[in-house]
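With the sequences and hints as input, model every part of the structure.
Order-wise, the sequence lines are chains A and B. In this text, residue positions in the first sequence follow this note's numbering: the first is 1, and each later residue adds one. In this text, residue positions in the second sequence follow this note's numbering: the first is 1001, and each later residue adds one.
These are calculated hints, taken from the structure and not from any lab test. Hints are not guaranteed to be accurate.
Stated by the list, open to error - List time: in silico BS3-like cross-link candidates among lysine-lysine, alpha-carbon distance up to 27 Å:
#1 A/Lys500 with A/Lys414
#2 B/Lys1104 with B/Lys1134
#3 B/Lys1078 with B/Lys1134
#4 A/Lys563 with B/Lys1099
#5 A/Lys563 with A/Lys240
#6 A/Lys563 with B/Lys1140
Claimed, not checked - Distance windows between CB atoms, simulated:
#7 A/Thr259 with B/Glu1073: 47 to 53 Å
#8 A/Thr259 with B/Thr1009: 23 to 29 Å
#9 A/Trp437 with B/Ser1121: 26 to 32 Å
#10 A/Tyr434 with B/Glu1073: 40 to 46 Å
#11 B/Arg1220 with A/Tyr434: 55 to 61 Å
#12 A/Pro565 with B/Val1222: 49 to 55 Å
#13 A/Tyr434 with B/Thr1143: 29 to 35 Å
#14 B/Glu1228 with A/Glu455: 37 to 43 Å
#15 A/Thr259 with B/Thr1143: 28 to 34 Å
Glycine residues also receive a C-beta, built at the ideal position from the N, C-alpha and C atoms.
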Amino acid sequence: MSETMNTDDAVVLAPARSAFDQDWRKIVNWGLICALALIFVSLTDMPDKLDKRVIVEPLLSMGYLSLIWIPIALGNFVTREVVLEGMAQHKKGLRELVAGVSVGAIGGAGLALLIWLLDTRDLSDPLVNWNDALLEVLSFGEGVGYGAIFWILASAGLGLAGGALHLLPAIANRLLFAISLTIVLSASLESALDDISEGFQLEWLFEALFEKKGGLSVQGAIILAVFAIAWVLFLGGQAKRGRAAVAARRELSPTKVNTVGLVLIAVAAVVLPMFLGRLTNDLLTNVGLFLLLALGLNIVVGLAGILDLGYVAFYAVGGYTAAIMTSPTSPGLSPELPWWVAIFVVVFMAIVAGLFIGAPVIRMRGDYLAIVTLGFGEIIRLTVRSDWASGFTGGAQGILSIPGADIVGIATVKGTDPQQVLYLVIGFVAIAIYVSWRLENSRIGRAWMAVREDESVAEAMGINTVNSKLQAFVVGAILASFSGAIFAAKVGSVFESSFKILVSIVILVIVIVGGMGRIAGVAAGALVLVGILGGPNQPGLLAEFSEFKLLIYGALLIWMMLKRPEGLIPNVRRSRELHQDEFLQDAWLKAQADDDDDEAVSGEAAPA
Amino acid sequence: MSEVVDSSTPLLEFRGINTHYGAVHILKEVDLAIYPGELVCLLGGNASGKSTTLKTLLGMVTPTTGEVVLDGEVVNDKPTSYRVERGVTMVPENRRLFKRLTVKENLELGAYLRNDDGVESDLERIYEMFPRVKERLNQKSGTLSGGEQQMVAVGRALMANPRVLLMDEPSMGLAPALVQTNFELIQQIHEEGVAIFMVEQNANMALSIADRGWVLQSGRVVLDDTAEALLANPELRASYLGDGNR
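This is how it looks when you write it as structure tokens:
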């Protein structure tokens, strides 16, 4: 696709291109991607497994949603162009629609092929989901021919819709996006909303929106759509103005606005749990436990630059120490300390573990360090399970009947009462946030950053690099051990299987997806990943998704790395640095365009 | 900078230093002495042991035999921080700023070990010396030009309030026009009473401002003389100064 680069004026749209002036190769590529994505999602069995999770009662389930978004998105992407300054911008028209339909149709044909193969071949040996149930879902029980034709047509139609998004004005796109987001999000949050509405005496609202047997009612979906439209058209603008006002105020008195924000958050943290039901409280407790872990890892990885892949070790140390210290039935040693006394032992053990693991590891750099920490994470777990330590840890039987968390004899937080546990978690998260914030702006925080940037120069500045890295390791270990101790009191038992390597990975993903080096980012990451999708052993709001959790984690991680490497709520510093290449490229292109002055130069089209 | 310059005893000294990287013998029986307020330079080709000399002086490499002496005290087993605290500071090769930190943070890290009240006034002094640096305080140091980075690197080292500045190839990677300015800057710092130990490949330029110099060859000091004598030395002229700007 070669077109003229017009440097005169980018705002004036060139006339729409003919419907058949297409980059067919690109269409076929995207079409094949669409087909592969549809086949892949089908073979993961998402359409079947998630069919029970309804979004809008008779119309749409999560299962079908897992398929239909693909042709829409790809039908849209195929004609999306990066328009650089100085390049001709064509009016959108039939060309976009044709491309969308083609991509969708090719994708649908792929799915049709799958349906036919499902019917005629048996590949259930390597592909466990290759079965009649999948065929049934894909062909709606109406036979192969019906299913195949349906999907080719439906996918083409969805691709067309995707392409048509280019023709709509920007505001309509925003409205559609807001509506779909609101509906899907509300449906995902259904159980939490049910729980919350009870606390706030808003059952009538919940009943208006949702069907009894689950899923939004059609009427509810319409209400939400109206709400989304109103939000985008009216309230959204006001919210933006409000934010701008806050930002302007912040210029004047940054501390004041921050204080107001902090007080609001603090009040919410104290008041909200009272209104939430069991389920939401329990969910938020899990989020808080992982937030505590992620904040600790954020210090180790984000500030000091030590890529620790065995962070779960300290979580385990916290959990097991608290269990041994408090449980009356712990084998070997059983002092039956109250929880708040045990916490001191936990901190002590975390420091010992941090030094014990840190000392040999810290002398290594980069990849070597990451791999060795990965090993240590498993070593701790396997030690706990071993015959050698089972006299204290109970081996594979674990430690049971851990009493709740006794707070200085004033109150006992029972693990069975999620609201109390949530308060406990909030308290520790507050401590962790305060510590993170203070450390980041301290002398030691600056030393960590220096070590992260250039270890040998940091050493030449007189920074004791080994010590400061060890300090980061130990601070991280203490925060993780708090989380472990609360976890033990909450669940009432600890088993080595709760401390698998996957926990380390999930914590790291939370930090990366949320935004490394930024507390709000880490909180957002914990909320999205653990709250909605669920932790490694903890169900999230989308309990049906638990089977696909890791798949979604992985996909999310890859997508984030490609499109938004700075995380959901980025640290300003990191964000700039990660996009520096783009800034430089933009500047270079601009300079090129300026150099070319007003002579029209023929050039290559933008890369997709 | 206000210390009385006592030029009778060396500030920093090597006595028969030998270093090894594994089995490889790098420095062989090296003797050096840097007196307070001096400007000296160490010349030598690639792999002659120049950088190892600097690292040994700063304590990032431990010698196998011999003594590193700071203010008359043997500091072989003292860490880098001990030496930095006592006024030994390095400007690393290629400047090596903390690129993702701001200019101000870089400068403050230079004063990492100091807790006296002089830090603020020293910052002011750096701003006076380099007005350009002051304009860019909150910019990330990696985005500065080469010349500006050199200013920050020197400023960062000066923030440690050094008595002797170890400079590793200060003119490497600088535009030719900046090399001259850079040497003027080194002289200016020297005139304020800071001793300077400079490792340079640009021998002509370095010797033209230095008091004394050594020539290192395969880890051994082969020449040790005043700068004038070295400049006049025919052997040296042939090997280093022949084509001027090597």
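Taking the hints in turn, this is what the structure says about them:
no.	hint	result
1	A/Lys500 with A/Lys414	holds, 26 Å
2	B/Lys1104 with B/Lys1134	holds, 9 Å
3	B/Lys1078 with B/Lys1134	violated, 35 Å
4	A/Lys563 with B/Lys1099	holds, 24 Å
5	A/Lys563 with A/Lys240	holds, 24 Å
6	A/Lys563 with B/Lys1140	holds, 23 Å
7	A/Thr259 with B/Glu1073: 47 to 53 Å	holds, 51 Å
8	A/Thr259 with B/Thr1009: 23 to 29 Å	violated, 57 Å
9	A/Trp437 with B/Ser1121: 26 to 32 Å	holds, 30 Å
10	A/Tyr434 with B/Glu1073: 40 to 46 Å	holds, 43 Å
11	B/Arg1220 with A/Tyr434: 55 to 61 Å	holds, 57 Å
12	A/Pro565 with B/Val1222: 49 to 55 Å	holds, 52 Å
13	A/Tyr434 with B/Thr1143: 29 to 35 Å	holds, 32 Å
14	B/Glu1228 with A/Glu455: 37 to 43 Å	holds, 41 Å
15	A/Thr259 with B/Thr1143: 28 to 34 Å	holds, 33 Å
Hints 3, 8, counting from the list given before, are not met by this structure.
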